[in-house]
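Undergrad: Based on the sequences and whatever the hints tell you, model everything.
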Amino acid sequence: MAPILELRGVVKRFGGVAAVNGVSLALEPGRIYGLIGPNGSGKTTLFNCITGVDQADEGQILFKGRRIDRLKPHQIFHLGVGRTFQVIRVFPELTALENLLVVTTTGYAEARRRAQELLALVKLERLAGEFAGNLSYGQQKLVEFIRVLMTDPELILLDEPAAGVNRTLLNELLDAVRRLRDQGKTVLLVEHDMKVVMGLCETVFVLDHGEKLAEGAPGVIQADERVIEAYFGR
Amino acid sequence: MKRWFPAGLALLAVALALYPLQATGYGVRVMLQLFMWIALAQSWNLISGLTGYVSFGHVVFFGTGAYASSVLIVTLGWAWPLACLGGGVAAAVLALLIGWPCLRLKGPYFAIATLGLNEVMRVVVSYYEGLTGGGNGLSLPTLYASVEIYYAMGIVAAVVTAVTYVIVTSRFGLRLMTIREDEVAAEAMGIDTLRYKLYAFLLSAAAPGIVGGLSARDQGYIEPLSVFPLIMTITMIVMALFGGKGTIWGPVLGAALLFAFQEVVWARFIYLHQLLFGAIIVGVVLLMPRGILGVLQQKYNLPRTI
Chain H
1 MAPILELRGV VKRFGGVAAV NGVSLALEPG RIYGLIGPNG SGKTTLFNCI
51 TGVDQADEGQ ILFKGRRIDR LKPHQIFHLG VGRTFQVIRV FPELTALENL
101 LVVTTTGYAE ARRRAQELLA LVKLERLAGE FAGNLSYGQQ KLVEFIRVLM
151 TDPELILLDE PAAGVNRTLL NELLDAVRRL RDQGKTVLLV EHDMKVVMGL
201 CETVFVLDHG EKLAEGAPGV IQADERVIEA YFGR
Chain X
1 MKRWFPAGLA LLAVALALYP LQATGYGVRV MLQLFMWIAL AQSWNLISGL
51 TGYVSFGHVV FFGTGAYASS VLIVTLGWAW PLACLGGGVA AAVLALLIGW
101 PCLRLKGPYF AIATLGLNEV MRVVVSYYEG LTGGGNGLSL PTLYASVEIY
151 YAMGIVAAVV TAVTYVIVTS RFGLRLMTIR EDEVAAEAMG IDTLRYKLYA
201 FLLSAAAPGI VGGLSARDQG YIEPLSVFPL IMTITMIVMA LFGGKGTIWG
251 PVLGAALLFA FQEVVWARFI YLHQLLFGAI IVGVVLLMPR GILGVLQQKY
301 NLPRTI
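Chains as they are written, first to last, in my numbering: chain H, 1 to 234; chain X, 1 to 306.
Hints are all accurate, no fakes.
FRET-style restraints, in silico, Cβ to Cβ:
#  : chain 1 : residue 1 : chain 2 : residue 2 : range
1  : X       : Pro108    : H       : Gln55     : 23 to 31 Å
2  : X       : Gly116    : H       : Pro92     : 27 to 35 Å
3  : H       : Arg126    : X       : Tyr165    : 25 to 33 Å
4  : H       : Asn39     : X       : Leu276    : 49 to 57 Å
5  : X       : Trp4      : H       : Lys195    : 54 to 62 Å
6  : H       : Asn39     : X       : Tyr165    : 44 to 52 Å
7  : H       : Arg66     : X       : Arg104    : 22 to 30 Å
8  : H       : Arg66     : X       : Ile231    : 50 to 58 Å
9  : X       : Met288    : H       : Met1      : 53 to 61 Å
10 : H       : Gln55     : X       : Ala279    : 45 to 53 Å
11 : H       : Lys195    : X       : Ala279    : 53 to 61 Å
12 : H       : Asp175    : X       : Pro6      : 43 to 51 Å
Covered, in the sense of this in silico footprint (three residues per stretch, anywhere, with C-beta under 8 Å from a C-beta of chain H), are these stretches of chain X:
#  : segment
13 : 170-178
14 : 187-197
For the chain X half of the interface with chain H, some residues (derived, Cβ under 10 Å), not all of them:
#  : residue
15 : Glu181
16 : Asp182
17 : Val184
18 : Gly246
No lab work stands behind these hints, which were simulated from the structure alone.
Beta carbons are placed, not taken as given, at the ideal position from N, Cα and C, and that holds for glycine.
TA: Dropping the structure here:
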């Protein structure tokens with residue numbers, strides 16, 4: 001199957017530091033991928049390059065065969081790439097409902113219906129009128145998650161979805177991710193919680209010092225000497 | 001609340017419409033200036049209150065409108081209402097030209113750029129003496145039209161407030177607010193932030209341009225120093241902050257209260273009033289950064305439309 005997202009030798013430098021250094025990878029549609037690596041290994045920078053927040057210095061990024069590495073974030077979003085952030089970025093002085101409404105391109109009534117539906121999905125319908133900034137950390141995380149789903153993106157990038165979310169909420173979130181996959185969406189997630197990564201992802205990429213260290217099924221990755229070394233040292 | 005608010009507004013509008021019939025010339029001039037301040041504070045609110053991009057040179061649109069309309073009257077002989085609309089168009093065009101590069105600047109850099117723009121425009125109008133009279137200023141033909149200008153100012157103030165209402169209650173307005181809340185997230189969520197900022201800037205420039213033209217027509221004489229004063233930008237900012245930036249009625253309230261305060265105090269203590277005005281600025285910023293309406297909205301959980 002043709003990859004939905006393809007990275008070819010992507011490089012991103014900040015000053016003299018190559019945060020991402022020649023990463024190539026391909027995602028096939030309808031699967032859940034994990035992106036792991038020690039702190040500072042370039043995971044978030046890679047997300048930023050894919051979504052246009054940062055511009056790659058070298059290499060190509062293709063979404064459904066089309067180059068997106070020179071497009072702006074809002075253009076990439078409208079092609080069908082949605083993301084969440086590592087540090088929560090809800091709009092604090094907009095209500096939970098408004099946080100969702102701003103994202104849409106459909107008519108107002110249709111957007112409202114969709115927003116209510118998604119709020120119900122994560123059991124936040126009673127907090128729809130509350131300012132997002134007044135919600136708990138976990139609830140804000142959920143708002144950010146469903147905000148991505150407002151426009152039905154084909155590729156969803158999740159930056160540490162499990163961090164700071166309690167177990168019950170987390171299981172619902174993971175179920176939601178699996179359902180997305182079953183609908184044919186592709187998910188790429190950065191996560192430090194290995195249980196989540198191993199239980200959810202079908203393929204895992206390991207980054208270290210901005211380079212792709214390994215790629216494979218979770219079991220294989222877990223046993224990989226180089227990966228263990230990158231995490232724990234020799 | 002829902003019923004008496006529109007009714008009260010309608011009553012106020014009727015009272016203001018009838019006011020010139022029994023008022024003194026001085027009274028009309030005072031009210032006309034109040035309308036002008038409402039329009040200015042509300043316009044500043046459109047770009048800075050909603051998107052968070054603080055325009056520190058907003059008076060540049062007032063001055064540009066004043067000069068554009070005056071030149072249209074003096075050299076082309078346009079009727080003043082048409083010329084004032086021309087002033088609004090000129091200000092909006094300037095906003096477009098300036099906004100395109102400057103709205104890419106983030107945070108304080110945008111504020112500084114707009115501040116600089118005001119100084120540049122003042123020098124530009126001083127330089128093109130043939131058209132603007134340079135430092136000697138520009139005199140307009142004598143005309144007694146204070147009452148007409150009173151109505152025109154009132155209409156502009158009402159229209160800007162109505163436009164603000166429509167924007168704040170629409171998705172367009174919500175999207176402008178996402179820029180204030182978190183621009184990176186707004187971009188990532190598919191909002192073309194530069195385009196939205198440009199629209200807001202354009203809208204926020206038009207009314208000051210018209211009002212500048214009306215004010216010039218009312219005064220009958222303009223010079224670079226009188227139509228590009230930094231203090232005017234500061235005043236409109238303070239009015240919007242005092243009433244509540246980012247709200248619909250905050251700038252109206254702030255303009256009305258501070259203008260009334262200025263009139264009363266100015267009449268009694270000529271030298272003290274600027275000091276008191278400064279004290280209000282400090283007080284608002286320190287104690288009430290959300291302004292009167294912002295505080296009330298938060299305390300009583302009021303909807304955005306109040």
